[in-house]
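Visitor: Below, each chain spelled out in residue letters.
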Amino acid sequence: MSGAQATAESGEGAPGFDASDPPGRFARLLSNDPPRSRLLAALLVAIVLGLALAPFLFPGAKALNVAAKILVFIVLVASYDLLLGYTGIVSFAHTMFFGIGAYGVAIALTRAGPSWVAVALGVAGAVALSILLSVLIGLFSLRVRAIFYAMITLAVAAAFQTLASQLSEITGGEDGLSFKVPEILTPAFSLAGTPFLGVSLDGRLVAYYLLLVAATLLFLVMLRIVNSPFGRVLQAIRENDFRAEAIGYRTVVYRTLSNVLAAVFATLAGALLALWLRYNGPDTSLSFEVMLDVLLMVVIGGMGTMYGAVVGATLFILAQSYLQDLMRIGSSALAALPVGGELLGALFSPDRWLLWLGVLFVMSVYSFPAGVVGRLRSLGLRSRR
Amino acid sequence: MSATVSSATPQQPLPQVRADWLPLAIVPLLALAALPFVGSPSTWLTLTVAGLAMGLIVFIIASGLTLVFGLMDVLNFGHGVFIALGAFLATTVLASMGAWTASPNLLVNFTAVFTAMLVAMAAAGTVGLAFERVVIRPVYGQHLKQILITMGGMIVGEELIKVIWGPQQIPLPLPAGFRGSILVGDAAIEKYRLIAVAIGLVVLAAMLWVFGRTKVGLLIRAGVQDREMVESLGYRIRRLFVGVFVAGSALAGLGGVMWGLYQQNVIPQIGAQVNVLIFIVIIIGGLGSIGGCFVGALLVGLLANYTGFLAPKVALFSNILLMVAVLLWRPQGLYPVAKR
Numbered sequence: 001m002s003g004a005q006a007t008a009e010s011g012e013g014a015p016g017f018d019a020s021d022p023p024g025r026f027a028r029l030l031s032n033d034p035p036r037s038r039l040l041a042a043l044l045v046a047i048v049l050g051l052a053l054a055p056f057l058f059p060g061a062k063a064l065n066v067a068a069k070i071l072v073f074i075v076l077v078a079s080y081d082l083l084l085g086y087t088g089i090v091s092f093a094h095t096m097f098f099g100i101g102a103y104g105v106a107i108a109l110t111r112a113g114p115s116w117v118a119v120a121l122g123v124a125g126a127v128a129l130s131i132l133l134s135v136l137i138g139l140f141s142l143r144v145r146a147i148f149y150a151m152i153t154l155a156v157a158a159a160f161q162t163l164a165s166q167l168s169e170i171t172g173g174e175d176g177l178s179f180k181v182p183e184i185l186t187p188a189f190s191l192a193g194t195p196f197l198g199v200s201l202d203g204r205l206v207a208y209y210l211l212l213v214a215a216t217l218l219f220l221v222m223l224r225i226v227n228s229p230f231g232r233v234l235q236a237i238r239e240n241d242f243r244a245e246a247i248g249y250r251t252v253v254y255r256t257l258s259n260v261l262a263a264v265f266a267t268l269a270g271a272l273l274a275l276w277l278r279y280n281g282p283d284t285s286l287s288f289e290v291m292l293d294v295l296l297m298v299v300i301g302g303m304g305t306m307y308g309a310v311v312g313a314t315l316f317i318l319a320q321s322y323l324q325d326l327m328r329i330g331s332s333a334l335a336a337l338p339v340g341g342e343l344l345g346a347l348f349s350p351d352r353w354l355l356w357l358g359v360l361f362v363m364s365v366y367s368f369p370a371g372v373v374g375r376l377r378s379l380g381l382r383s384r385r
Numbered sequence: 001m002s003a004t005v006s007s008a009t010p011q012q013p014l015p016q017v018r019a020d021w022l023p024l025a026i027v028p029l030l031a032l033a034a035l036p037f038v039g040s041p042s043t044w045l046t047l048t049v050a051g052l053a054m055g056l057i058v059f060i061i062a063s064g065l066t067l068v069f070g071l072m073d074v075l076n077f078g079h080g081v082f083i084a085l086g087a088f089l090a091t092t093v094l095a096s097m098g099a100w101t102a103s104p105n106l107l108v109n110f111t112a113v114f115t116a117m118l119v120a121m122a123a124a125g126t127v128g129l130a131f132e133r134v135v136i137r138p139v140y141g142q143h144l145k146q147i148l149i150t151m152g153g154m155i156v157g158e159e160l161i162k163v164i165w166g167p168q169q170i171p172l173p174l175p176a177g178f179r180g181s182i183l184v185g186d187a188a189i190e191k192y193r194l195i196a197v198a199i200g201l202v203v204l205a206a207m208l209w210v211f212g213r214t215k216v217g218l219l220i221r222a223g224v225q226d227r228e229m230v231e232s233l234g235y236r237i238r239r240l241f242v243g244v245f246v247a248g249s250a251l252a253g254l255g256g257v258m259w260g261l262y263q264q265n266v267i268p269q270i271g272a273q274v275n276v277l278i279f280i281v282i283i284i285g286g287l288g289s290i291g292g293c294f295v296g297a298l299l300v301g302l303l304a305n306y307t308g309f310l311a312p313k314v315a316l317f318s319n320i321l322l323m324v325a326v327l328l329w330r331p332q333g334l335y336p337v338a339k340r
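As they're listed, the protein sequences go chains A and B. Residue numbers for the first sequence follow the numbering used here, beginning at 1 and rising by one. Residue numbers for the second sequence follow the numbering used here, beginning at 1 and rising by one.
Bound-form chain B, shown alone (with noise of 0.2 angstroms):
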């Protein structure tokens, strides 16, 4: 039937699905709005930078869950051990690189931090892929069994964190070369910021040609939709999904290792802290949607800033007013996912 209507008019190219622009409009939205009442240029400037680079940031962390949960209906309570397993990594990593980091030069710098992301994303990969195995894979389709395990697995992962780092807080110094600001005009931005919106942009990049432009990422975003339908045509999505949920983790270490030196310290309750931020950035964006993950997360981003500066007690509730406001305008989140 298709191939007659195609070979009818050969010419017509497929109907497009119309892009849903209004969410992503938001984001430029929110930081024009937001101009006006924090009056000065620079500062805003400098409070935009800062809260895309934490969007970036939740964002790389974030897009590995609500994958996981758009392929197989797995929500891992747990995802927030990587992130902590990535920032503690970072601190044994750079210490003891720390003639690399104490240089002023910003290439040996950037040397000592490019190691300790590989090996927090190796690390958290591998213990991702473990993971997957032990605790995830008995309890597939089994929401309830699935909460409490991955929350077990959570509590675990954190207490062996405590052993091996011991339960302080750690001090994660940014590099020589990182620290400080640059002026432009007016506005003071700090460096690192700088570097973590160049990296999230090269995270995103990277996403955005593996989901366009490859067969994998096209089977991805197939699964998401339809699971039974790739699995009829005879993909294993099974495979699929560990490689989906390992790269999900090894981006939560690099995450993690980027979340600890914007904070500069490192707790072992970090996972469970930036968990709480996730979950409201996935529930905004829409479950199992990588652009709403990415939309919800600039949003909390650049929110959360505004709003640190212009009425601190708000800012900390920022995140919870944002997910109503959003869920009472689309209940499903911003890019609903079809069938979910």
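Excised from the complex, chain A in its bound form (with noise of 0.2 angstroms):
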């Protein structure tokens, strides 16, 4: 957490930046954080135009499921960024209330019929349920140290894994749910007889959109609380909690709402998920493995800078959905090789592509804590000095 992030962080009141200078409308909707690296700015732009365009980019239901992915995790890392990166605690339950958003939109579509009353209501009870379990879990183990928290953390999502699967009455169990969401997001529905630019103008379309703005928006907000007042006392727990406290900061109470904001936004998350793939079950958005997911994406990303849960999302997804392809003809390449061919095949297989960013992600922990957000950073700075 310190070195190339403390670099990172102290680049903020340099001169010549946005600091001095009346914050023009675009700095105030990014909350005066701007990227601070040309290089991460033309990244993020890249990205981000990337995702506005997508279904006229690229064609074809994979890429628009794969952007729509991108979109939905880039909200559930921003906001376990806010718990881990800016607050400094880890917590294994944050697929907990992913799923609990996603269960809620599943359950309320599948009891209620296909409405936005019905989504409206799943929301709110998925963040009712939320913000009620994230401060039980906070106050409990928020007290003690930040190992104890990850070790409780760990045992209640999975608790809470099993229960999911075992309600099958309600939650469909392994199986999980499939549903009808309202009809102006289906396929079926059509915004105009003809295609725009070759690309027809359905409810998938209209779904992506709904997506892009919502994932937008709820970054934006998360932007907005990490550079408050607020947020920095949250950095100040992270870097050092004791002298958060003796400043005169109630640590436990800025701990626990750190705690339930990220809940909140990660059920938000799970919300939209259910509501593009029109199907939740435990392996979607609950298991463990989808932890692991995000866990890697906030590292590699770059933690504690946001941004990262951008570059993070969108590299993770790239390569979960496309690498596999490349290491498929990698590895077939190397199982011909006549010494060890066998081995180094099994290594590249597609399969093992997760073996290859476990291998990245203790190699970011280590060498670049603040990620690539924080790497481009920092070249940034050398250059300019």
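Rather than coming from a laboratory, the hints here were simulated on the basis of the structure. Among the hints, erroneous ones may be present.
[Unchecked claim] Pulled from the structure, derived: some chain A residues nowhere near chain B, Cβ distances all over 10 angstroms:
(1) 31
(2) 69
(3) 116
(4) 155
(5) 208
(6) 243
(7) 369
[Said to hold, decoys possible] Only part of the chain A face toward chain B is listed, based on derived beta-carbon distances under 10 angstroms:
(8) 92
(9) 121
(10) 158
(11) 163
(12) 238
(13) 290
(14) 292
(15) 295
(16) 365
No experiment lies behind these values; they were computed from the predicted model shown. For each residue, glycine too, the CB sits at the ideal point set by N, CA and C.
Each chain sits in its own coordinate frame; assemble them with the hints.
Guide: Structure follows, in structure tokens:
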């Protein structure tokens, strides 16, 4: 958490930057927390443009699914960053809240039929449950040390996953729930008879742009939160909780609030996922694998930077979706090698892509704890000097 | 000052630390309390032995973890890798010793299982040594990084196991002589459970001996209480810690063999699954406490088996409920370790 991050953090007050100028409208939109690196800014613009125009740039159902997944995970990973990167709390129950959101929408739409009222009810119920649970867990275990919290949340998440698969009358058990979404979001709905730029204007497109708008809004709100005085206190707690307490901030209260906020945003991300997939089951939103994915995305993207969530989620999901194809080619080429080909082929087999991301994860915790974003920012600082 | 006091009253023994028997007493109390609910004594006996077997296996796995934490404040989320490694090595060793495991002779079976255990312990210990060097040493004293990095080690380890043994479930049948059960009165007790209890007790006895009767054990216990003090007396606690880490990993490998045989199949995710269980155990026991770990493991094992019989749905959450109950009673765990 120190090293590169500290340099990234200290770049904020650097002269000739945004600090002295009166903030422009765009800077205010970003809560005066711009990317602070040209490369990073270019990367972010590319990602945002790519996501905004995804249906037109990358035709095909798979590409749109990948783009939608990236949108959902940007929100989820950013909310986890709020907790891990800004407050320094390791929680393994984050997918629990993600799952609550997805199940909230899924259950409401299954029970009450496809209407916006049902969606609203589902989201409201899920958010209420998440707040309750996160307050309970927070008060129960955030008083003590970080490690304790990590273990407790691991246990609670495991129990919750079991609970979800056991209550099969409500949650559909292991099979999950398939449901109908409001008509405007279905593929059958048509906005206009004629295709626009070769893309038929159907409900999926509406759903995608709903996700895009929601994800953008949620991300900007989170960016605002971490750059508020409240966010400063969270970072103070991360750096030195004893000192923060001594200055007069009730760290338990702030930690719990951060926990609750992260839980609420994760819940909303879950609701978005359910609306997009029109399905929810334990494996899509609750499983420990999703939790590990989120952890990898935050760390690879860059902890405590928010933009890291965007970069991390995009890179990871692109790798998840397309790296495997690349590895399939590499693996078969390596397997043909006369010496050790079998082992090399197995190591690079497309099913083992997580192995390499795991190695990348370990290396990034060691070498660049502020992830891709921190790396780019410190590169920018160095070249400017 | 203390010298004059002791010379003035040479006969007076050192004041004994009052033993805290209360948590230990919960184990038999829980067993007795379950008796009326279960009803028939024979079923109760079967369940109790099963619970003790599970508890002792969990204890073997968790003891290393809690000690490593107590000594160096390192919590290894990658502990599960050693469990999985042990279990998978057992499948390989036992499969290659097919003639030995198929023989009905118990002694021959034991040789095979013993070989598997030795191989597993040696391999897990060696990997543990490397794991400490590569993964844990660079992040001493940084909790957040430790959690992240050991979790990363866990991911990589699990994937490597999938590379070597494949991602599918592998059956791990018990050797012929271990199968079946013996009758005690009306109660049918599976042989393997008795064997597991026996092995568990042997390990426990060995640990009690090491901790109670040897200098190394004394140093470890002292190190858990106050690391700086032991260091200032001139002992290299780092080296001691590496030893404990390797021993803990080896024990996890041993526990992995036993757990695999207990489940009779092995999947790569076994490590992550057992991880949750052992974390609950060491939280219940009090982080760093070996006695607490023992009591916690037995409680978890017994409760899982009783509730599994009485209310299978509740059994899935029995561990969590137990943890909440214990923490409400003693927020630092059953045996809180000083200064933690």
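Visitor: Now, for every hint given, state plainly whether the structure supports it.
Guide: Checked hints:
1. 31: Nearest chain B Cβ is 25 angstroms from residue 31 (chain A), so the label holds.
2. 69: holds (20 angstroms)
3. 116: Holds, since 35 angstroms exceeds 10 angstroms.
4. 155: violated (5 angstroms)
5. 208: Fine: 31 angstroms to the nearest Cβ keeps residue 208 (chain A) off the interface.
6. 243: Correct as stated: the minimum Cβ-Cβ distance to chain B is 17 angstroms, above 10 angstroms.
7. 369: Residue 369 (chain A) is in fact no farther than 10 angstroms from some Cβ atom of chain B, at 7 angstroms.
8. 92: holds (9 angstroms)
9. 121: Cβ of residue 121 (chain A) sits 28 angstroms from chain B, so the hint is violated.
10. 158: holds (5 angstroms)
11. 163: holds (7 angstroms)
12. 238: holds (9 angstroms)
13. 290: The hint is violated - residue 290 (chain A) has no Cβ within 10 angstroms of chain B, the shortest such distance being about 13 angstroms.
14. 292: For residue 292 (chain A), the interface hint holds, since the closest Cβ of chain B sits about 6 angstroms away, which is under 10 angstroms.
15. 295: holds (7 angstroms)
16. 365: Holds, about 5 angstroms.
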